[in-house]
Structures are given as structure tokens and as C-alpha cells.
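Q: Position chain F relative to chain P; hints supplied.
One line per chain: the protein sequences are P and F, in this order. Position one of the first sequence corresponds to residue 1 (the working numbering), numbered consecutively onward. Position one of the second sequence corresponds to residue 1 (the working numbering), numbered consecutively onward.
Since the hints were derived computationally from the structure, they do not count as laboratory data. One or more hints might be untrue.
[Claimed, not checked] In the EDC-like style, the derived pairs of lysine to aspartate or glutamate whose C-alpha atoms are separated by at most 16 angstroms in a straight line are:
hint: 1; chain 1: P; residue 1: Lys-46; chain 2: P; residue 2: Asp-162
hint: 2; chain 1: P; residue 1: Lys-305; chain 2: F; residue 2: Asp-91
hint: 3; chain 1: F; residue 1: Lys-45; chain 2: F; residue 2: Asp-74
hint: 4; chain 1: P; residue 1: Lys-305; chain 2: F; residue 2: Asp-71
[To be verified] Listed next, with one range per pair, are the computed distances between beta-carbon atoms:
hint: 5; chain 1: P; residue 1: Leu-248; chain 2: F; residue 2: Val-239; range: 54 to 64 angstroms
hint: 6; chain 1: P; residue 1: Thr-301; chain 2: F; residue 2: Val-239; range: 53 to 63 angstroms
hint: 7; chain 1: F; residue 1: Thr-218; chain 2: P; residue 2: Ile-14; range: 46 to 56 angstroms
hint: 8; chain 1: P; residue 1: Val-13; chain 2: F; residue 2: Gly-265; range: 19 to 29 angstroms
hint: 9; chain 1: P; residue 1: Gln-47; chain 2: F; residue 2: Pro-174; range: 51 to 61 angstroms
hint: 10; chain 1: P; residue 1: Ser-92; chain 2: F; residue 2: Pro-174; range: 14 to 24 angstroms
hint: 11; chain 1: P; residue 1: Glu-195; chain 2: F; residue 2: Thr-18; range: 21 to 31 angstroms
hint: 12; chain 1: F; residue 1: Ile-235; chain 2: P; residue 2: Thr-274; range: 26 to 36 angstroms
hint: 13; chain 1: F; residue 1: Val-364; chain 2: P; residue 2: Gln-47; range: 15 to 25 angstroms
hint: 14; chain 1: P; residue 1: Leu-333; chain 2: F; residue 2: Val-364; range: 53 to 63 angstroms
hint: 15; chain 1: P; residue 1: Asp-72; chain 2: F; residue 2: Phe-12; range: 53 to 63 angstroms
hint: 16; chain 1: F; residue 1: Arg-110; chain 2: P; residue 2: Asp-72; range: 51 to 61 angstroms
Nothing here was measured: the structure is a model prediction, and the numbers come from that model. Using N, Cα and C, we set each Cβ at its ideal position, and we do this for glycine too.
Here are the chains, one letter per residue:
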Amino acid sequence: MKSPLFSLFRKEVIHILRDRQSLFMVLTMPVLMLLLYGYAITLDMKQIDMIVADQSDSPQSRELIRHLTATDFFSVRVATGGVDNINSLFQSREAQCVLVVPADFAETRNAGQVSRVQLAVDASDPNAAKFIENYVTQAVGESRIGSASLFSLEPRVLYNPDMRSAPFFVPGLIALILLLISTLLTSIAIVREKETGTMEQLLVSPVKPPQIIIGKVLPYTVLGFLDGLIILVVGSLLFQVPIQGSLLLVMLMMLVYVVTGLSLGMLVSTMAKTQSVAMLVAITLTVLPSMLMSGFIFPITSMPKVLQWFSRIVPATYFLEIIRGIVLKGNDLSNLYRPAGILLGIDVLLLVLSIRTFRIRLE
Amino acid sequence: MGKIRSLVIKEFRQIRRTRAYLALIFVAPFMQLLIMGSAITNEVKHIPLVVVDQDMTPSSREIVRSLRAVDLFDFRGFADSSRHAVRALDDGRAKAVLVIPRDFEEDIKRGTNPSLQVLIDGVDGNSAGITLGHITSMVLRIQQQWAASRRIRNPSAAGRSDMVEVIPRLYYNPELDSKLNFVPGLIGLLLLMITTMLTAINIVREKELGTLEQLMVTPLGGIQLIIGKIIPFTILGIVQFTVGIIAARLVFGIPINGSIPLLYGMVLLFLMSTLGLGIFVSTITNTQQQAMFVAWFTMIFALLLSGFFVPIKNMPRLVQYLTYINPLRYFINVLREIYLKATPFRYLWQEATAMGILGFLLIVAASLGFHKRLN
Numbered sequence: 001m002k003s004p005l006f007s008l009f010r011k012e013v014i015h016i017l018r019d020r021q022s023l024f025m026v027l028t029m030p031v032l033m034l035l036l037y038g039y040a041i042t043l044d045m046k047q048i049d050m051i052v053a054d055q056s057d058s059p060q061s062r063e064l065i066r067h068l069t070a071t072d073f074f075s076v077r078v079a080t081g082g083v084d085n086i087n088s089l090f091q092s093r094e095a096q097c098v099l100v101v102p103a104d105f106a107e108t109r110n111a112g113q114v115s116r117v118q119l120a121v122d123a124s125d126p127n128a129a130k131f132i133e134n135y136v137t138q139a140v141g142e143s144r145i146g147s148a149s150l151f152s153l154e155p156r157v158l159y160n161p162d163m164r165s166a167p168f169f170v171p172g173l174i175a176l177i178l179l180l181i182s183t184l185l186t187s188i189a190i191v192r193e194k195e196t197g198t199m200e201q202l203l204v205s206p207v208k209p210p211q212i213i214i215g216k217v218l219p220y221t222v223l224g225f226l227d228g229l230i231i232l233v234v235g236s237l238l239f240q241v242p243i244q245g246s247l248l249l250v251m252l253m254m255l256v257y258v259v260t261g262l263s264l265g266m267l268v269s270t271m272a273k274t275q276s277v278a279m280l281v282a283i284t285l286t287v288l289p290s291m292l293m294s295g296f297i298f299p300i301t302s303m304p305k306v307l308q309w310f311s312r313i314v315p316a317t318y319f320l321e322i323i324r325g326i327v328l329k330g331n332d333l334s335n336l337y338r339p340a341g342i343l344l345g346i347d348v349l350l351l352v353l354s355i356r357t358f359r360i361r362l363e
Numbered sequence: 001m002g003k004i005r006s007l008v009i010k011e012f013r014q015i016r017r018t019r020a021y022l023a024l025i026f027v028a029p030f031m032q033l034l035i036m037g038s039a040i041t042n043e044v045k046h047i048p049l050v051v052v053d054q055d056m057t058p059s060s061r062e063i064v065r066s067l068r069a070v071d072l073f074d075f076r077g078f079a080d081s082s083r084h085a086v087r088a089l090d091d092g093r094a095k096a097v098l099v100i101p102r103d104f105e106e107d108i109k110r111g112t113n114p115s116l117q118v119l120i121d122g123v124d125g126n127s128a129g130i131t132l133g134h135i136t137s138m139v140l141r142i143q144q145q146w147a148a149s150r151r152i153r154n155p156s157a158a159g160r161s162d163m164v165e166v167i168p169r170l171y172y173n174p175e176l177d178s179k180l181n182f183v184p185g186l187i188g189l190l191l192l193m194i195t196t197m198l199t200a201i202n203i204v205r206e207k208e209l210g211t212l213e214q215l216m217v218t219p220l221g222g223i224q225l226i227i228g229k230i231i232p233f234t235i236l237g238i239v240q241f242t243v244g245i246i247a248a249r250l251v252f253g254i255p256i257n258g259s260i261p262l263l264y265g266m267v268l269l270f271l272m273s274t275l276g277l278g279i280f281v282s283t284i285t286n287t288q289q290q291a292m293f294v295a296w297f298t299m300i301f302a303l304l305l306s307g308f309f310v311p312i313k314n315m316p317r318l319v320q321y322l323t324y325i326n327p328l329r330y331f332i333n334v335l336r337e338i339y340l341k342a343t344p345f346r347y348l349w350q351e352a353t354a355m356g357i358l359g360f361l362l363i364v365a366a367s368l369g370f371h372k373r374l375n
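If we strip away everything but chain P, and leave its shape as in the complex, we get (with noise of 0.2 angstroms):
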């Protein structure tokens, strides 16, 4: 195998390995941002600061709160008696809520009657604002003494039983961080043979542009692959998300993913004219819409529809839904062709442009 890919993969894989700081930053990196981000990013709410103004001070009221004080959700002060203000006591922020059980709670509990309580919320974060309302009405829901409903609803959540933040948020921080390394990785790998000068005495040796572009592409591969795997074992033991797929259908798509991440570098580095436009551009061509159109927190579904759109051609998106279908859901090929192969299209596509920029360059 003397043949001018594989010299220049070569090339390639030395400059890789003599380049010792910058080798420790691809592989540490990741495994950073992967505790960082997984840390701090968590929607699963505890502790709610809740006030509950208890005017009656009956054993009834205090069975309502002590269903409300048995969850981990809400810490409970109570004050007996009820509250003044409650509006400054959002704008202090000593409660997030507060219960008002009336002072004739008791009594029409033991006349059969309807007894309402208020809850007041600060929804000055609104997600909160409805867990918490979700919350109340199901505890004060259990409290409630022998009524017969009609029939009931018998809720199974898949996937995610305990509906905990950490499975959706582990398997989306691997398609943010894989995305972001692999595109840096290349962004910077025409332009600073150009930069360097180094590109004319490749231009004058006989490889050909095509293999020039996938011999550089190449042995990235390899790098951000072995990146992948480190977070995903890492992401997988630390936050306890055990895969229920394959996992070797998991690797195979990341070898996918990771391509698409390093053609889309490629792209960016044969346009760039210095290497800092092309580290910029590769940063914000990843990050911003990988993080906020991917669906990687906020549900695409909720978006306006020309968001939506846009949120189609941003290759996290069908990653998002095939790794955490692998992984969460158990899904196979069968389920996720689609993704996949709309995936290996924009692999073919960037490569495809980035050979052709790369010619338009040259002449």
C-alpha cells in the first residue's frame, strides 16, 4: 500500500501524535464538558420553598399537609393563622408558594361539601410555576376521604419511569460535545497548511484533491471516534443511563455522526481564508443550534413552525433521536432507518462540497 491516501493519512496521523498538548486537550476536553454540563444541567425539581397559611388549624388541614410534607418536592412552613402579603413574599423569595386553607376548611370537610383551598404561585418561571400546580392538585388529590370517581387513569411513563433529567440530558450532551470537537478538529486542517505555506508543496505532489480531503478526514475519524466512546462509557457509568440497544449500533452511528461533524469542519477550513475565522465559524455553526434547535432541551414541537424547519437541517437533530432511541428506548435499525439515512446523506453532501470548494480553490 504505497498508494498517495494512505502517505498522506500518514502525514496526517504523525502531525496527530507529535502535536502532544493539543492530542491531551482533544481527549480531555470532552470528558470536561461532559461533567460540567451533566451537573448543572437538571429539571428534576426538589424543595420547593412552600408556605401553607393555615386559617383553620384543624386535624383536618393538618392531614392535607401532611400529604404535602411526605414528597421530597416541597419544603413546608406553616403558619398558622395565614400570611398578610403575599406578594412580598415572592418579591423576597422566602416561598416559591403558598397554600391558603380557609378558616371553614373543617368544617364544610365534615359537611360533605366542596372545600377549596388557594394556591398562589410565583410563575415567574413558569415551568416551575406548572410542576408545582401539577403537584398540589395530585397531593391534595390523595388527601381526598372515600370519593368514588367514575374510573380512573392508569399512567405508564416508557423509558424513563422516574422521569429522571439525566437520561435525556446524557445522550444529548454527547451529540453536542461529539459535534463541536469534531468540527473544531478539521476546521482548522486546510487552513493552516494555507497559513503555513505547506499547502503548495502538497498541491504540487500528486495527490488528487478527493484524496487529499479524505485523507485528512480520516484519521480525525479514528480521534473523534475514540472521543465518543470516552464520553459515552464515561456519561453511561457516571449518570447511571444504561444503554438498552446495541451498543455496537450505537458506535456505528457515531462513526456516522462524527463524520458528519468533520466534513462540516472540512467545508468550513476550505472556505476560511485564516485559521481564527475558521475556529469561530465552526463554533457557531455547531454550538448555538445544536444546543437550542436540536430539541436538546427545549421540545422542537413547541416551536414556531419556521424554527422547525430549520431545525430539520441541523444534523444533531436526527442524531439526538437515534442515540437516545438506542440508548433509552432500545430501538434497532427498523425504527431508525430514516434519521440514519437522512444522516449518511449529509456525510455524502458535505464531503462532496467540501472536494468541490476545494477545487474551485485551486484554480
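A: Chain F in isolation, oriented as in the chain P frame:
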């Protein structure tokens, strides 16, 4: 004072000449608010729903109808069996499945309390929780209606009025619009990003071009140089913030409920931190590229640990302690409080003090770094 004045005038001439700055200050806030403000939402809407109706009676149809009526769900049709429905969940074609069992209506009439089965894709735990809450309250409402209209007689449901009803009152954001929460935060984030970046890059560029040396051989002292940099960028920051709040008003119709002078006072305190950070970054880096990277990295840190996406209370203890050294944490808090809750200063002095101290420390650190460069 005259020296500083001429320095400030020089800065402004440079800023006016650089088109990119003007775009950053006037156009970027509008664009970013528009895009990010629309994309960032915790609201749960249009959940794809598949129904398995094994009962096919007026009652089951009424339940399906009421679920289709709300925009929480996107009705994606019926499935023949639970197995098909689970397959839809696996494929991601549905995120929620409702199974109405055979003889549902019969069982209600008989009083045997049948159960509706709801299957929810729990991958996104937050959305799943909200969806579940919605379905639960809808089902309760339907039962109340049926019980009231006595359309379906249920022998065992005679004493149904014996219950506790929760009357919720949502303060400050009754529609639970997540924009009201995120947009003020975004304004704070943009202010940090743009002012820190600009100061850092501005000074490093003077270093690269060698004009910083020229400034140093002038009779200006280090402190004067720093003040000469801080004044113009403070003014820029205030202009940019004003553009931000106007954009929030025009694009999303979000007004400021609290005191505007208080808000601007807080902005000044916060700018001490962002400019101090910018100058500090410029002292430890040598090229614009490095400066950009360090600034970018610090900003991601600041963003994650600010409570912008995720309430700080949800984080592990250790991470919570880290947030105390983050000026953005206090500023975003203050912005949200003043914007939505009209919170007066007497409840915000702690945040103000923290921002003041952090800003002061950062500026001192930056000046020390600057001095070292001079010697």
C-alpha cells in the same frame, strides 16, 4: 481628566469607524432575541398522540374529542391495538398513547371503575411530567362534567361532592409564557457576551498592532489607561442594553414592571464585572484568537451556572456553591425580579452587593495584570 477625555474621544472615533461594532451593538440584540427568544421554550405543545379506542361508544368518543380540542396534543390517528401503539412510541411517531379499554362505558354504568391507560414517552422527563399533569386534570374535569350532567349514572359516585378543590392563582405570569422568563435572561446574557468580548478584543488588538506600546510611552498612567477604556465601553454597554429592552418590548411585547432607574443602576454594577473580565482576559492573552477562546469558555461557564436554563436550586450542592462567584447569576436574577415582579431594592440589595464586590475584584485583578504588563 483632560488626558482621559482625549483617550475616550479616541476610543469613540475608533468604534464609530468599525462597522462590525455598530452591527454588534444594534443589530445582534434584535436578531438574537428574535431567534433565541422563539426557540427557547419550556412550554409543551403539539405532543403527537395516538389513541386506541377499544370501546367505540359515545363516552369514549367524547374523551377523544376533548383531547383533540387542546393544542397540547397533535392527534395522529387511531391504532388498532396497544401493540401497534407501542410500536408508534418506539418509532417516535407518537409521544403519548391513550388506550380506552373494551366495555369502558358499560363498566362506568356498572360502577366498577374502569381505568384509562396512558402511555407516555418519558425520554424528556420534564415534558412527560407536564403532559401527565395535563391529562390528569383533563380527565378529572370530564368526570366532573359527567357527574354534574348525570349523563352517566354511577351508583357508587353518590357522595362525589366530598372533595377538596384547588384554586390556583398564578402571579406575575398567569399565562405561563416561558418567554417572560427567558427574554430578560437573554438580555443579560447578551450584555455579558458583547461587552466582555469587545473589551477583550479591543485591547488585545492594540497589543497586536503595537499601538498599546505607543499609548504606554504617553504620559498616561496605567489606571488612567484603564479608566479610559472602561468609560467608552460602559456607555456602549448601556446603549446596547437599551436596544435590548426596546427589542424585548417591540418583538415580544414584554414590558418592565419594576423601576427603570433601579434596573439601570444594576446594569452599571454588572458592567463593572463584564468589563473587568474583558480587561482581565486581555491581560492574560496575546492574540485576538486566544482572547476569543478564553472569553468564549468563561461565558459558557457563566451561562450554565447562572440559572438561565436551569434553576440553581436543582443543581447539586457543590455546583450551587460555584454559582456564587458568577456575576451573571445575580444579574439574571435581578433582571427577572425587576422585569416581572417589580421587586423593590430592599429585596435586591444582596444581589447588588455581590455584583459590586465581584466587579470591584475583577477590575482590581485586571489593573494589576495591566500593571505587570507595563513593567
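Q: Now tell me, hint by hint, if it's right for this structure.
A: The hints, checked one at a time:
no., hint, verdict
1, P/Lys-46 <-> P/Asp-162, "holds, 14 angstroms"
2, P/Lys-305 <-> F/Asp-91, "violated, 22 angstroms"
3, F/Lys-45 <-> F/Asp-74, "holds, 8 angstroms"
4, P/Lys-305 <-> F/Asp-71, "holds, 14 angstroms"
5, P/Leu-248 <-> F/Val-239: 54 to 64 angstroms, "holds, 56 angstroms"
6, P/Thr-301 <-> F/Val-239: 53 to 63 angstroms, "violated, 38 angstroms"
7, F/Thr-218 <-> P/Ile-14: 46 to 56 angstroms, "holds, 49 angstroms"
8, P/Val-13 <-> F/Gly-265: 19 to 29 angstroms, "violated, 58 angstroms"
9, P/Gln-47 <-> F/Pro-174: 51 to 61 angstroms, "violated, 25 angstroms"
10, P/Ser-92 <-> F/Pro-174: 14 to 24 angstroms, "holds, 21 angstroms"
11, P/Glu-195 <-> F/Thr-18: 21 to 31 angstroms, "holds, 24 angstroms"
12, F/Ile-235 <-> P/Thr-274: 26 to 36 angstroms, "holds, 31 angstroms"
13, F/Val-364 <-> P/Gln-47: 15 to 25 angstroms, "violated, 36 angstroms"
14, P/Leu-333 <-> F/Val-364: 53 to 63 angstroms, "holds, 59 angstroms"
15, P/Asp-72 <-> F/Phe-12: 53 to 63 angstroms, "holds, 55 angstroms"
16, F/Arg-110 <-> P/Asp-72: 51 to 61 angstroms, "violated, 39 angstroms"
Comparing the model with each numbered hint stated earlier shows that hints 2, 6, 8, 9, 13, 16 do not hold.
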